[in-house]
Each structure stands twice: as C-alpha cells, then as structure tokens.
Amino acid sequence: MPIIHVDHLCKDYQVHQKEPGLAGSLRSFVRRKYQIVPAVKDVSFEIAQGEIVGFLGPNGAGKTTTLKVLSGLLYPTSGRASVLGFTPHERKAEFLKSITMVMGQKQQLAWDMTPGDSFLVNQAIYDVPDQDFRQRVGELTDMLELQPVLKKPVRKLSLGERMKCELAGALLHGPKILFLDEPTIGLDVNMQQAVRTFVADYNRRTGAAVILTSHYMADVEALAERVLVIDGGRLAFDGNLSALVAERAPNKVLKLQLAQPVSPERLAVFAPVRMIEGLTAELLAPRGNVAEIAARILNDVPVADIAIEDMPIEEVLGRLFQRKPMAEAAK
Amino acid sequence: MKRHLKLILLFIRATVQIQLEYRSGVFGRTLANILSTGTSVMLLWAMFRQVPSIGGWSFDQVLVLVGIVTTIEFVVEIWFYPSLSKITTYVQRGEFDVLLIKPVASQFLVTFRHLQVMELTGLVIGLTVIGVGMHRVGSVTSFNILLLAIFLVASVVIIYSLYLALSTLAFWFTRIEEVASMIWLHSTAGSFPVAAYPPWARLLFTFVLPVAFVTNVPAQAATGRLSWEWGLGALAFATFVFCGATWLWNLAIRNYSSASS
Amino acid sequence: MPSFRAIRALLALNYGISLQYRAQSVLWMINGTVPLIMMLIWLQLAKGGPIGGYDATTFAQYFLFMFLARQSTPTWVIYLMDRGVKNGELTPYLLRPMHPVWHYASEHWGELLCRLPIILPIVAVGLTIADAWSWSLLAHLPAFVLGLMMAWLINFTVHMTVGLIAFWSDNALGYDTVIYQLYIMLGGVVVPVELFPEAVQSILAWTPFPYVLDFPVRVMIGRIEGFDVLAGFGIQLFWIAVLGALFTWGWRKALRQYSAAGA
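Quick note, the sequences are listed as chains A, B and C, same order.
Residues 1 to 331 in this note's numbering are what the first sequence lists, from first letter to last.
Residues 1001 to 1261 in this note's numbering are what the second sequence lists, from first letter to last.
Residues 2001 to 2263 in this note's numbering are what the third sequence lists, from first letter to last.
Hints are computed from structural coordinates only; laboratory data are not their basis.
Yeah, the Cβ is synthetic: ideal placement off N, Cα and C, and Gly gets one too.
Check each hint, because a few of them may be wrong.
Unchecked claim - Coverage of chain C stretches by chain A, computed from C-beta distances (three or more under 8 Å per stretch; other residues unrestricted):
#: 1; region: 2048 to 2054
#: 2; region: 2082 to 2093
Unchecked claim - Sample of chain C residues lacking proximity to chain B, with all beta carbon distances greater than 12 Å (derived):
#: 3; residue: Leu2040
#: 4; residue: Pro2097
#: 5; residue: Leu2153
Whole structure, please, built from the sequences with the hints as guidance.
Shown next as structure tokens:
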C-alpha cells in the first residue's frame, strides 16, 4: 500500500547570476539577472509502507530537492506529491508529526545544551506522551549506545556522537516516514556502519519507511533494496539495486590471480583487459558468456585463482552519470 | 610599504565586490545613517528649545560635535567593525591559523582585510554637519581645519586601539562576540560635551570610555576653542592606547601559537 | 498555537542557553544604557529648574523606567531571521509542527529571564540614589507591566515583519538599525515625547513608536492617567492586530520565496 505518491513532479529554482570580476559585480548590482534552474523535471514514483529507498545521483542532481518537496519544505513548481494522504507543502501539524528529516549537514540539537535537554523540547513540541517518550528514549539509547553522551553539551560531542543524537532526537515522536539526507556525511567508517545498522534495525522494528540520499554507495548498498537514480533532475532508474547493475553493467569482472607473469596481449585474446599489475589481472567479460570465457582462460593460461564479480556500483553509476554533462544538473 | 599598499587596495577591491552582492543592504544602511544623524540633530533641537546651552556649549558647537560623531561612526562602520569584529569569529572557528601562516603581519591582515569603502554616505553627512556647524560658529579657518584633521586622526587611532584591544580578548574568552560593540556607546555618550555630565561621569568619559578625547577634542579644535593641555593630552592618550593595543595583540598571538600547536 | 507545555519546554531550553551566555547579556545591557546616559544629561540640565513640567525627580523616574522598558523589549529577531534564511537554519524549524515564531519568541523570553535579575536592581539603586521612590509607582505597576507586555508584542511584530525582508534581500540587517534609530528618535529614549513640540507629538501619535516605550513609562510615572490609560492600551492592541495581520500575510509569501530559493 503506497504511502508516497509523486506524480509528474517538477521543481524550478530561481538563482541570481553573478558575473566574475569587479565589472561583473557592478553590472549585477545595477541589474540583477535571475535564471530559472530546473532542479527536478517530471519525476513520478510511489513508495510503500516499510520500504527503504535510496536516492542516487551526482551532486546537484535533484535528490535533496525531491526530499525537501516530500517533507513539505518546498512547493512543487508543477506536478503533485502526496505523503500519507497529505499535501506536504501545506505543512499541517499532523503531517509534520508523522515524518522526520535528518540532514547530515544541518544540526537540529541545541548546541549549548545536552541532547537530553533537546529531547525534552522535542517531546513537548511533538506532544509525545510521557510513557511513550520514556520508552523510546530507552530504546534509542540502547540501540545507539547513547548512555555516555546524553548528559554532555552537544558542542562537546564528536561528529559521530552528534549524528547519533540527531537521529535519536528525530525519532522520538515515532514518525512513519524517515527522510535521511546524507546521514553519514563526514563520519568515519565505523560510525557510518553503526548508523546504517541502526537505520536498518529501526526499519525492521517499526515498519517505518526510510528514504535516504547518500554519497556513500555503501549506505545505499547496505540499506536500500530499491533505488531511484536521479540525474539531471530526471528519474533515470527505478528498481532494485541488482537490476540496476544488470541493466547498466553488461560486463562482469573476471579477477585472475596468475601463477606466472602473462603479457596483456595474451589475455586480451579472451576479453578486454581492465587492468594488469604483476600477477593480478582483471578482464571484462560480457554477462552472457562469462562462464565460457573463464573456462577457456583456465585451459590456456597459468591461473592460480579466478573469481567472477559484479562491477562495483560506484563504477556503474560513475559511467551512468558521465554521459550527461554536469552543467545542466546545477542545483 | 608598497606591498602593503597594494594589499590594501586588493582587499578593498574584494570587499567592494562582496558588498555589491548585498545591494539592498546599502539602501538600508544609508537610511540608517541619515536617520542616526537626523536623530541627533532633532534631539539637540528639542533640547535647546528648553535650555540655552548644554555644558556651556551652544547649539552650533554641539552641532559640530554631532558631525564628528557621525564621521567617526562612519570609520568604525566601514573599517573597524567589519575587520576587527571578525577576530572573534576567526578564533571561535579555529580559522586563525590561516592568517598566521601568511607572510604578512597578522595585525595588518586583521586590520585591513575587510575595508568596506562602498558607502560614503556617513562621511558626506558627517563632514557636511561639521561644515555647517563651523560656518555657523564662524570658525572656518585653514588653521582650524588642519587642527581638526590632526585630532580626527588621533580619535580614529584611539577608537581603533580600543576596538582591537577588546576584540583581542576573544583569544582568552572565546564566547564574547559582543564585547567590542561597547564601542558604539561612544556615539551616544560622545554626542554631548563632557562638561554636561556630572563630575564622576566626566572622569569615566575621559579615561575609561574616552569620548572627551575622541569627540570633544576635535570639536573644540574645529570651533577654535581647544586648549593646549587637552590637545597634548589627546595625542599622548592616542599614542599610549595604540602601543598598548599592539602589545596586547602580540601577547595574544604568542599565547595562541603556543597553546594550539 | 502550540501547547503550553511546548512553550514552557522551549522557554526552559532558551533560559538555559542564555545563562551560559551571561557575559553577553551584560554587554547587551551596557549597550542599552542610552536612557541612563540621557538621564545624567537631563538631570544636569534640570538643575536650573523644571523643564517642560519635568523636574529632576520626574527625569530620573522617566529615564530609569525607560531603561527598564528598553531592556525588557529588545529583539534581535531580524538577525535570527536573516541568519535563518542565509544559512538555512530555518529549515529544521519548518519541519516541526510548530510555527518558527515560537522558537524565536521563546529565545527572547529565555534571555529576558536572565536579564531582569540584573536590570531590576539597577533601576532600584537608581531610584534610591535619585531619591525618586514614591508610593504612586506601586499603584501604577500593574498597568506598566501590562503596557510593557503589549509593547513587547508590538516591537517583536514590527521586527518580525521587517525581518521578512530577509527572504527577498541578502541583507535585512541594515533595517534593524533603521528601526532602532526610529525608536531612539521617536520613542522617547533620549527625549521624553512630551518635550517635543505639539506638532511633532501629534504626528507621532499616528505611529506605533510612542506606544512601545514612552506610553508605558509615562503611565508608570503617573503622567498618563484615567481614561487615557485605557485609550493607550486600545491603541496598542490596534497596532498588534494590524502588524500581526501584516506579518501573517507576509510570512505566507516569504515561505514561498524561501521555497523558490531552495529552502
């Protein structure tokens, strides 16, 4: 049962243009030029209860814009968005109480107070009954291991601790939808892992839908079965991650561990060589006959070990996005 | 020296570019400038309707004082405020190291980095009011103008030094952004002859918040009423606070470098 | 309208924050000493006899309560709105089921709670030094407090409304100074409004400025009495309604603009 409907959504921004240099500044001082920059163009999709969906795309592709439309921060230029039956930009209190948004780059906890203080404020703002509040704080504290930091002022926390507190603070009212915008940005690998595990757990426990954008492919890989690829404001792909790889990466990677040095020319007979370095080599084999190629290599070349892998997603997407000039994807 | 001049010009150019971005700010601040001087003149007018003189000064003499306050306010607004109030920000965000590794004296950098020479309204209004006042007093002579110029420079030096010293405190107390805005007090307190205050306040306004030197002395110079004691006093005070502030700055930098290594 | 509980929680939070910035509070206060400086001057001037019906005691009372009134109604909401728009700090507030105005207002109230314990003794000491205590002050206190609360609302709404400029212009802060100057000039901070010429006074009566600071102070020192007090409250209410409506209308437009620029 879908809880988010997005129907031919478009969103344009008004950006004022500045020419470089002093003369340019003077000109734009006298007459300011505005440019309409389309950020999201005709995007449609639906998201169901309990889904975890990852938005993928290069910088400025329109991921965050879509997220902001869904959370009611932006008015769509045209098209429709409906979330839990509400029109987001009307910003009804009831709607706002059933969603939450965590922005990796924007802080919502009061800087000079402890996370506990901010939690109390959130409790009051979101009208959370005492019992629910205590229970959720307890749960979240356990899941995120917050016990040691709850009583420290936020400004004294590390980036990772702060993000965990942000997450906890954003979930106290038991939202049905989580919008996570770059939730792991700037965190170290362990902390990224912790946040991922938490989000997955939370989704499983509460059945809340999670919509996240991230630069880190690992986030999306670990969490989202379904991805929406947004590129240049358009929806370029909607489906599960492995289908994306299958569709966009016709080749598999054959990783060879050679028993003795082999010249690149000799390997190129079987399939295009992706890289060769000492005794390690990688070939690109078309999906369909990868097994046959592997068999031939094993016959003809001294191979110590062989492995068949998918192309790393980063690379698949990198190639996907390269085709389009970045200029048109300005925010 | 030549390199420094060139740097100052480059800094000005950069700030002008930034300011042009914020065009509506220009309008708002110009309006504020006019209103601020208008306020003072109107206030004087209302006061002089009730009394013949304030602290022994006539309306026209106080008018010169108002012009001087406006002029100095202008200097603070386009120069000291944008430059020196950033010190606190630099320190808080730990961006100060970026300044320290530059091969130019840090005091020079913080002083001249953000000179916003775009808005000359304040200067125009200030000088006009001084001119009108001097004309009405009948003290427009080249000697008086020369004296006025000298003592205006001394005032600017005093204000600069105090502002720098207060901002320097940021190195020790990182959370006091507003400290330096105390400087603005001079524009209210300084709009009146120091003689108009009760005796204890006169002492306060001479040595602690030195509006006597900053506004009263130039006004007396412009109206041909400056005694040599006050003149020398102002020059000595300016030299003293400038050396003091520079010393404090260097001390702060030394502390900062040794603490943050 | 958020629940009482939500407001109380926000207030507690902001009170806590303000307590940590005590040093800053003190400095704000130093900057708000204009009425005290003016008091010194007027007291010296009044040594030659009463001026326009104000003798030394009246001047002392007027400016001490003016000081109190200024210190109870300061607002930096234009600064907050400007920063909110520029850095996008407004965005998280918009996600909450509560109008951002409540965040801004409670920040001011929290600060005020920190400030009053310092301000009130200063006023008390001032009244003592100037020998200006009188029983009538006590009788006027309730009306003064009510007038101040309304004054706070007028002032806050004026600033909020002007602060909407931040959504369209890169620098709304300049207007903060403009309003400040208008208050100083027209609001009685440096010259009691009664000492202005009649003509000026009658023009001022059409603006909100004398109703923010001068009105409650004059009520306190007993220079407005009887029916005029009620009329003054009425005019205060009028301004709150007008400015409130203006703000509500502008806020809706402002949100659209914020959205157009990317929130």
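Hint-by-hint comparison with the structure:
Coverage of a stretch by a chain is defined here by at least three residues with a beta carbon nearer than 8 Å to that chain's beta carbons; for the region 2048 to 2054 of chain C and chain A the count is 0, and the condition is violated. By the rule of at least three residues with a Cβ nearer than 8 Å to a Cβ of chain A, the coverage given for the region 2082 to 2093 of chain C holds, with 4 such residues. Look at C:Leu2040: its CB is around 5 Å from the nearest CB on chain B, not clear of 12 Å, so calling it non-interface is violated. For C:Pro2097, the non-interface assignment is confirmed: its Cβ lies about 32 Å from the closest Cβ of chain B, beyond the 12 Å cut-off.
Against chain B, the non-interface label of C:Leu2153 holds: every CB pair exceeds 12 Å, the least being about 24 Å.
The structure fails to meet hints 1 and 3 from the earlier list, while all remaining hints are met.
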